[in-house]
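With chain A fixed as given, assemble chain B onto it according to the hints.
Residue-level listing of the chains:
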Amino acid sequence: MNLLLNTINGISLGSIYAIIALGYTMVYGIAKMLNFAHGDVIMVGAYICFCAMSYLSLPPVVGVVMAMVVCTILGMVIERLAYKPLRSAPSLAVLITAIGVSYFLQNAALLIWKSDPKVFPSVLAGIPGLEFFGGELRLTAVTIVTILANIVIMLALTTFTGKTKTGKAMRAVSEDKGAAQLMGIDVNRTISLTFAIGSGLAAIAGVLLCSAYPTLMPTTGSMPGIKAFTAAVLGGIGSIPGAMLGGILLGVIEIFARAYISTQLSDAIVFAVLIVVLLIRPTGLLGKKITEKV
Amino acid sequence: MNHMKKLMALLLALSMVLSLAACGGSDSGSTESAPAEGEAAEAAPAEGEAAEATEAAPVAGDGVALKIGGIGPTSGAAAIYGTATMNGAQIAVDEINALGGMQFELNWQDDEHDPEKSVNAYNTLKDWGMQALVGTTTTGPALAVSAESNVDRIFELTPSASSPDVVNGKDNVFQMCFTDPNQGTASAQYISEQALGSKIAVIYNNGDAYSTGIYNKFAAEAAELGLEIVSTTTFTDETANDFSVQLNDAKNAGADLVFLPIYYTPASLILAQADGMGYAPKFFGVDGMDGILTMEGFNTALAEGVMLLTPFSADAEDELTQNFVKTYQERYGDIPNQFAADAYDCVYAIYNACQQAGITADMSAADICDALIATFTGDFSFNGVTGEGMTWDANGEVSKSPKGMIIQNGAYVGM
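The listed protein sequences derive, respectively, from chains A and B. Taking this note's numbering, the leading residue of the first sequence gets 85, the next gets one more, and so forth. Taking this note's numbering, the leading residue of the second sequence gets 339, the next gets one more, and so forth.
Extracted from the complex, chain A is given alone in its bound form (with noise of 0.2 Å):
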């Protein structure tokens, strides 16, 4: 009963992550780039969906759309002034940039909404969750709409990036950006799109962890970002299932290490199982093994 529990407590917490491993790995993918900022632009996507349902007593379909178009622009907006320009330097000067944009997001989010922490009104709220075994086992709406979310999302990006010319254009892009600017892509174009799509994803992400873990601070991308991240390199980073996989993983490990290990050590063991698995496969669970042909 309690391992069911746990179980079920683990893929609740995965699936958050698994839903922004998702515009991780899908940025990874395509531009070949580690967007640390996308954690915050998560942050900003939820406070705009809370402004919107808040202040402007906007029904919660309304914020969330609300949301997605701010953090499509505002992607596009940071590619466009802090990654374009250094798309020839080496990849650590991208790297450290993106660290510097995401302090950015969250230091301007503490002018604009100050340091008080809010509390996030869910936007599923009403919505019951299923219940087992008389209450003992419960799965809320957030969770069951959070899974389904992770499913289409990535059933949706696996499509999109395997049949459509767009996304076949992306592919060629990720492996290759000289030669595919040689057969005609816009590569410019292409990275950008490939940026509005993953933070139009991170709104939705940013939705949906407030809803789960109602407190709402301008740090609260960073620890779920980070945690993605790792769950997006266990499963392979630039694999989309292995993004959905690697955070559902993670989240179980998790809440396994703090209920029958530690409380205490549950980060370490979480890290630990990270190390073994990339000595292991250095790829990660899914991720594809790339030879680079001289």
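Hints may contain errors.
To be verified - Below are the EDC-like pairs computed for lysine to aspartate or glutamate, each with C-alpha atoms no more than 20 Å apart in a straight line:
| no. | chain 1 | residue 1 | chain 2 | residue 2 |
| --- | --- | --- | --- | --- |
| 1 | A | K198 | B | E450 |
| 2 | B | K589 | A | E220 |
| 3 | B | K405 | B | D700 |
| 4 | A | K247 | A | D260 |
| 5 | B | K589 | B | E576 |
| 6 | B | K620 | B | E657 |
| 7 | A | K198 | B | D731 |
| 8 | B | K405 | B | D708 |
| 9 | B | K464 | B | E454 |
| 10 | B | K589 | A | E215 |
| 11 | B | K508 | B | D731 |
| 12 | B | K455 | B | D432 |
| 13 | A | K198 | A | E215 |
| 14 | A | K198 | B | E634 |
| 15 | B | K741 | B | E531 |
Claimed, not checked - What the simulated footprint calls covered on chain A by chain B, stretch by stretch (three residues with Cβ under 8 Å from a Cβ of chain B suffice, anywhere in the stretch; the number is not a length):
| no. | region |
| --- | --- |
| 16 | 87 to 94 |
| 17 | 200 to 208 |
| 18 | 332 to 343 |
Bear in mind the hints are in silico, worked out from the structure with no lab data behind them. For clarity, every value in this text was computed on a predicted model and none was experimentally measured. Each residue gets a CB set at the ideal place from its N, CA and C atoms; glycine is no exception.
Then chain B, alone, in the frame of chain A:
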């Protein structure tokens, strides 16, 4: 392959660096979320008023007023605490001056909750001719300033810097608030005296000195009193999202009271998640819980029946508290929090001690310091809004009995 390995090594190194960075980030987060009412915006206009009041402070009576310096953050992330202490101290000074006897003059300086700026503020006050210091409001700056005041021999009474390190080894520094760990002892005693629970669970933040300090004292005292702690679980600022494991552990152990020596931000999540899983024990908090009702968007129904131990309750029936609350509300439009009450008491404690020791405004700061130390560590006892019969030990820590409060219909009610 080699490339991939290098990349992974880089990723791991980066993720470590970032986790560290995140720790730094969330540390400042927890300072911001320390206990207080989250109404910085409303407090801001009051700041201007108080500044005027400071300038207009009467210098009457024998022609000279005792110069009281005050230091606390009236801007920046911790502005709510500093502003509250400044307002509380100002009310006390004005009331004392209206009595017509000994006159006080208050000069409040902003330190933005920054130790370096706090020392600068202290030096400004010293140049002004400060004879006693009410401050500093927050612990970090207090550690820096108390070292200075100890060398300069200026008497210092802090309203709310609650770490034992603030007073340790400094004979001139005294506290109006409890030291953090003492709240743990007091909580265990209170739970035992009132028979609030027979099986107790504790959830605390083991990454936070405040929370861990209270927990350790609580556990020690609980063992002494025969309280049964059936579940002890922890979290850190990094894992302060999901409390399902901790709550299930408490629930499975059959705990009927959950002790939360933590700040209100994680506490609000614990209350929401306990509600979501249909677990309804009694929840018992400490002063870090103060502020949960003013969180923007918080459903106060979740906090119904939550108990907390705090030295000050704005709805206490006694005349002293009621007058203070009324004046504060009239002047600043807010219900005073614990910080304002502590500062109010600080000024009155200095005033009473001055009366008892026969201190006059023309004495030097060093003489006043010696006289006040002798009085505070002597048979001096003080009744204020944050407790009755307060006494201080030679170390500078206060002894007073805290008040239990319970949240009913979205408001604090004394128990």
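Margin query: Going through the numbered hints above, which ones does this structure break? Give me the numbers in ascending order.
Written below: Going through the list in order, the structure violates hints 5, 6, 7, 12 and 13 and respects the others.
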